[in-house]
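Colleague: As a plain string of letters, each chain reads:
2 protein chains.
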Amino acid sequence: MGLVVQKYGGSSVADAEGIKRVAKRVVDAKRNGNQVVVVVSAMGDTTDELIDLAEQVSPMPTGREFDMLLTAGERISMALLAMAIKNLGHEAQSFTGSQAGVITDSVHNKARIIDVTPGRIRTSIDEGNIAIVAGFQGVSQEGKNITTLGRGGSDTTAVALAAALAAEVCEIYTDVDGVFTADPRVVKKAKKIDWISFEDMLELAASGSKVLLHRCVEYARRYNIPIHVRSSFSGLRGTWVSNEPQGDQQVEHAIISGVAHDVSEAKVTVVGVPDKPGEAAAIFRAIADAEVNIDMVVQNVSAASTGLTDISFTLPKAEGRKAIDALERTKASIGFDSLRYDDQIAKISLVGAGMKTNPGVTAGFFEALSDAGVNIELISTSEIRISVVTRADDVNEAVRAVHTAFGLDSDSDEAVVYGGTGR
Amino acid sequence: MGLVVQKYGGSSVADAEGIKRVAKRVVDAKRNGNQVVVVVSAMGDTTDELIDLAEQVSPMPTGREFDMLLTAGERISMALLAMAIKNLGHEAQSFTGSQAGVITDSVHNKARIIDVTPGRIRTSIDEGNIAIVAGFQGVSQEGKNITTLGRGGSDTTAVALAAALAAEVCEIYTDVDGVFTADPRVVKKAKKIDWISFEDMLELAASGSKVLLHRCVEYARRYNIPIHVRSSFSGLRGTWVSNEPQGDQQVEHAIISGVAHDVSEAKVTVVGVPDKPGEAAAIFRAIADAEVNIDMVVQNVSAASTGLTDISFTLPKAEGRKAIDALERTKASIGFDSLRYDDQIAKISLVGAGMKTNPGVTAGFFEALSDAGVNIELISTSEIRISVVTRADDVNEAVRAVHTAFGLDSDSDEAVVYGGTGR
Numbered sequence: 000m001g002l003v004v005q006k007y008g009g010s011s012v013a014d015a016e017g018i019k020r021v022a023k024r025v026v027d028a029k030r031n032g033n034q035v036v037v038v039v040s041a042m043g044d045t046t047d048e049l050i051d052l053a054e055q056v057s058p059m060p061t062g063r064e065f066d067m068l069l070t071a072g073e074r075i076s077m078a079l080l081a082m083a084i085k086n087l088g089h090e091a092q093s094f095t096g097s098q099a100g101v102i103t104d105s106v107h108n109k110a111r112i113i114d115v116t117p118g119r120i121r122t123s124i125d126e127g128n129i130a131i132v133a134g135f136q137g138v139s140q141e142g143k144n145i146t147t148l149g150r151g152g153s154d155t156t157a158v159a160l161a162a163a164l165a166a167e168v169c170e171i172y173t174d175v176d177g178v179f180t181a182d183p184r185v186v187k188k189a190k191k192i193d194w195i196s197f198e199d200m201l202e203l204a205a206s207g208s209k210v211l212l213h214r215c216v217e218y219a220r221r222y223n224i225p226i227h228v229r230s231s232f233s234g235l236r237g238t239w240v241s242n243e244p245q246g247d248q249q250v251e252h253a254i255i256s257g258v259a260h261d262v263s264e265a266k267v268t269v270v271g272v273p274d275k276p277g278e279a280a281a282i283f284r285a286i287a288d289a290e291v292n293i294d295m296v297v298q299n300v301s302a303a304s305t306g307l308t309d310i311s312f313t314l315p316k317a318e319g320r321k322a323i324d325a326l327e328r329t330k331a332s333i334g335f336d337s338l339r340y341d342d343q344i345a346k347i348s349l350v351g352a353g354m355k356t357n358p359g360v361t362a363g364f365f366e367a368l369s370d371a372g373v374n375i376e377l378i379s380t381s382e383i384r385i386s387v388v389t390r391a392d393d394v395n396e397a398v399r400a401v402h403t404a405f406g407l408d409s410d411s412d413e414a415v416v417y418g419g420t421g422r
Numbered sequence: 000m001g002l003v004v005q006k007y008g009g010s011s012v013a014d015a016e017g018i019k020r021v022a023k024r025v026v027d028a029k030r031n032g033n034q035v036v037v038v039v040s041a042m043g044d045t046t047d048e049l050i051d052l053a054e055q056v057s058p059m060p061t062g063r064e065f066d067m068l069l070t071a072g073e074r075i076s077m078a079l080l081a082m083a084i085k086n087l088g089h090e091a092q093s094f095t096g097s098q099a100g101v102i103t104d105s106v107h108n109k110a111r112i113i114d115v116t117p118g119r120i121r122t123s124i125d126e127g128n129i130a131i132v133a134g135f136q137g138v139s140q141e142g143k144n145i146t147t148l149g150r151g152g153s154d155t156t157a158v159a160l161a162a163a164l165a166a167e168v169c170e171i172y173t174d175v176d177g178v179f180t181a182d183p184r185v186v187k188k189a190k191k192i193d194w195i196s197f198e199d200m201l202e203l204a205a206s207g208s209k210v211l212l213h214r215c216v217e218y219a220r221r222y223n224i225p226i227h228v229r230s231s232f233s234g235l236r237g238t239w240v241s242n243e244p245q246g247d248q249q250v251e252h253a254i255i256s257g258v259a260h261d262v263s264e265a266k267v268t269v270v271g272v273p274d275k276p277g278e279a280a281a282i283f284r285a286i287a288d289a290e291v292n293i294d295m296v297v298q299n300v301s302a303a304s305t306g307l308t309d310i311s312f313t314l315p316k317a318e319g320r321k322a323i324d325a326l327e328r329t330k331a332s333i334g335f336d337s338l339r340y341d342d343q344i345a346k347i348s349l350v351g352a353g354m355k356t357n358p359g360v361t362a363g364f365f366e367a368l369s370d371a372g373v374n375i376e377l378i379s380t381s382e383i384r385i386s387v388v389t390r391a392d393d394v395n396e397a398v399r400a401v402h403t404a405f406g407l408d409s410d411s412d413e414a415v416v417y418g419g420t421g422r
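Heads up: the sequence lines are chains G and Z, in that order. First residue of the first sequence? That's 0 in numbering that gives the first Met the number 0, and the numbers climb one at a time after it. First residue of the second sequence? That's 0 in numbering that gives the first Met the number 0, and the numbers climb one at a time after it.
Here chain G stands alone, though its shape is the one from the complex (with noise of 0.2 Å):
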């Protein structure tokens, strides 16, 4: 008898029907002869109503309320669906993530995993319960406050516990059949991939893809973990993601995975900095001091005759105002010139183990941006990941250009299906 770990969004328990369709899945995986924790999000848009009514009381909501107040929204899915459960006659119970021993650190509205203590729960499924366990909340080690983990934080609830039980596998419900070579809504002959690696799956989050979020697939490398994101609409097989192919999953494009856009992002430029020891760390500095996360960094080669040079760095649209005051207040300081604030701009990129082995990846790509007529105004690699900035305007044509030069395109025409939601 084996142990599996399902998680279900947000879309897939929207509604009373959605949360007896839920329930049904979860029933069937406890008849295969599995023990079934499950882990569940708020239902729908309960979250996002949850924040309206916190600013309509509080134009700053502050941390640990914050968090007490949101995490009643997966405490009422989890109640639902174990009572769902209960109504096709197996027995359920639900655990809030304090219960269930997710123990956080304090950084309310944010909060990492720190430990996770599953005596409940694995007393629970012992006892032949279904164990339903609240996503997305924990509790803080010191001070015992309720925390939650920030976007995505469920999925990272469910990997976390996964590995707290060994379980087999961690399967994500979503709304899509799975992990595409591109974005479906953009490529319409994106192909579903059956099994990638946990490396690429890293650098496809990171580079913009939304099933699965970076920080719940580094949790699962950490403690080998296999996911199998597939839908809680169809049921149909969906993208395993593990250190190595098992069975019959099938590992189709050896060089490239999959091609992942990101139009979140903007586009800072720090111009006429002084080229000597010190200044990119002062500029760096500044930003990290007010709390930016930056992603790609780029700097010229000085101009000889002004012994200045140009430093390009991309960040989150939304922290974009921060980053350009905290840079004001020390330009001074620093002595650069100006800054310039683009917010058009699109990131594409490639990622693929197969590319540390073959050097003609970067030309390839590179060739076939250009012969869709796509500028490019940044590049930044690693070792199994190129990406580029180019104009907000060319993202679809830049991605359908790379997906079909690299030949990811499938051959039917409309390979996706879409689950209830249409996201």
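Don't take every hint at face value.
Because identical chains share one entry, a pair is satisfied inside a single copy or across any pair of copies.
Derived EDC-like pairs: lysine to aspartate or glutamate, alpha-carbon spacing no greater than 16 Å straight-line [unchecked claim]:
id	residue 1	residue 2
1	K19	E90
2	K355	E382
3	K321	D274
4	K19	E54
5	K355	D125
6	K330	E243
7	K109	E382
8	K316	E48
9	K321	D47
10	K316	E290
Note that these hints are calculated values from the structure, not bench results. Source: prediction; values computed, not measured.
Based on these hints, arrange chain Z on the given structure of chain G.
Modeller: Same frame as chain G, but now just chain Z:
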């Protein structure tokens, strides 16, 4: 510096505006130099909406999960209230029933508080915070499961916390101005009571007055915690409930506190019961085994010719079916003739400690009803209460007649100030 526990009901925190209004009131109490602990119910119709969801996924929602579900409501309101208070520049921390140390038995959906260990609340207020506590909920001593206290449970939470913290007063904020000499919807000339004893308040609550529930008053009496019932809308002085009047608390009606009525009960008559020892016991054992709570019980003397008697009792209409079924099953063994079920009845009660030493009260009560043409079907008395059962159609006229006969009418025509909901 005093310690005040305030409780706000669902209608007081029905929306963002209500929460902000309550926040101001809480901050006022803090500014007046008090330590403040606030107990809050779920917003407006939240609990009903959650119950509705539960019924959509399961026809018979079970205890443990149902409690987990319902407690999400207070979690939302308390977090929002804490944010609203912080927004006014004061420190506030919210606590679940479990965090506040509200320990209960394991009877889900109607748990009883068996202990309160308010260590975290004490620490929080000693550090200068306003502590916000979720009403209606606790955690079971065995199993550490989330429990709810049943209808009106938030009032009990407030009184229990006030007792555990040795508060000076427990303020119950509601949508009416206090306790009245009769239901102001029925008696336009009903007067707000300035002070009432625990004993009289207990009898009023048992007789149909909805402002405070019996369990809450009982708890307050046991620990001698004065209750101040008042409106969260008007801010006027309300009704004090305590052992003895203090300071300027007025005791206007030495004999009679008020008239209560109740149309939520039905009457069962067991016809033709053999008048011999053990028959009544067998009947009420059957009722008790069905977990039906009964109220009044009346047995007439038996007719000498037949040796048979009739036994009547009243019970909540909602439990009528259960009681009838239980009795039908034991008909043969008990040996009565038939059952009569009547849900078109009303109970009218006159309450006042003064009636102990005023023998004319009973006579005056019956005369007033007789003058109003109201027929009496059952009579039951305690030391400080007389209750009668009449036809439901007669209830308003009967209450008004009794109210006038005992000099309770106010001079003004419209004594009542209702809050925002008009309930």
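Colleague: Each hint needs a verdict: does it hold in this structure or not?
Modeller: Status of the hints after comparison with the structure:
Taking identical chains as interchangeable, the C-alpha atoms of K19 and E90 lie at most 16 Å apart only when both belong to the same chain, with a minimum of 15 Å there against 42 Å between chains. For the identical chains of this complex, K355 and E382 are intra-copy neighbours only, at 6 Å inside a copy versus 93 Å across copies, given an alpha-carbon limit of 16 Å. Proximity of K321 and D274 under a CA criterion of 16 Å is satisfied in neither setting, with 25 Å inside one chain copy and 88 Å between copies. When the C-alpha separation of K19 and E54 is checked against a cutoff of 16 Å, the pair qualifies only between copies, where the shortest distance is 12 Å, while the shortest distance within a copy is 32 Å.
In the homo-oligomer, the alpha carbons of K355 and D125 never lie at most 16 Å apart, since the shortest distance is 46 Å inside one protomer and 62 Å across protomers. Taking the shortest alpha-carbon separations for K330 and E243, neither the intra-copy value of 50 Å nor the inter-copy value of 72 Å comes in at or below 16 Å. Proximity of K109 to E382 under the C-alpha cut-off of 16 Å is found in neither arrangement, the shortest distances being 29 Å within a copy and 61 Å between copies. For the homomeric pair K316 and E48, neither the shortest alpha-carbon distance inside one copy (23 Å) nor that between copies (38 Å) is at most 16 Å.
Proximity of K321 and D47 under a CA criterion of 16 Å is satisfied in neither setting, with 24 Å inside one chain copy and 43 Å between copies. Taking CA atoms no more than 16 Å apart as the test, K316 paired with E290 passes inside one copy only; the shortest distance there is 14 Å, against 62 Å between copies.
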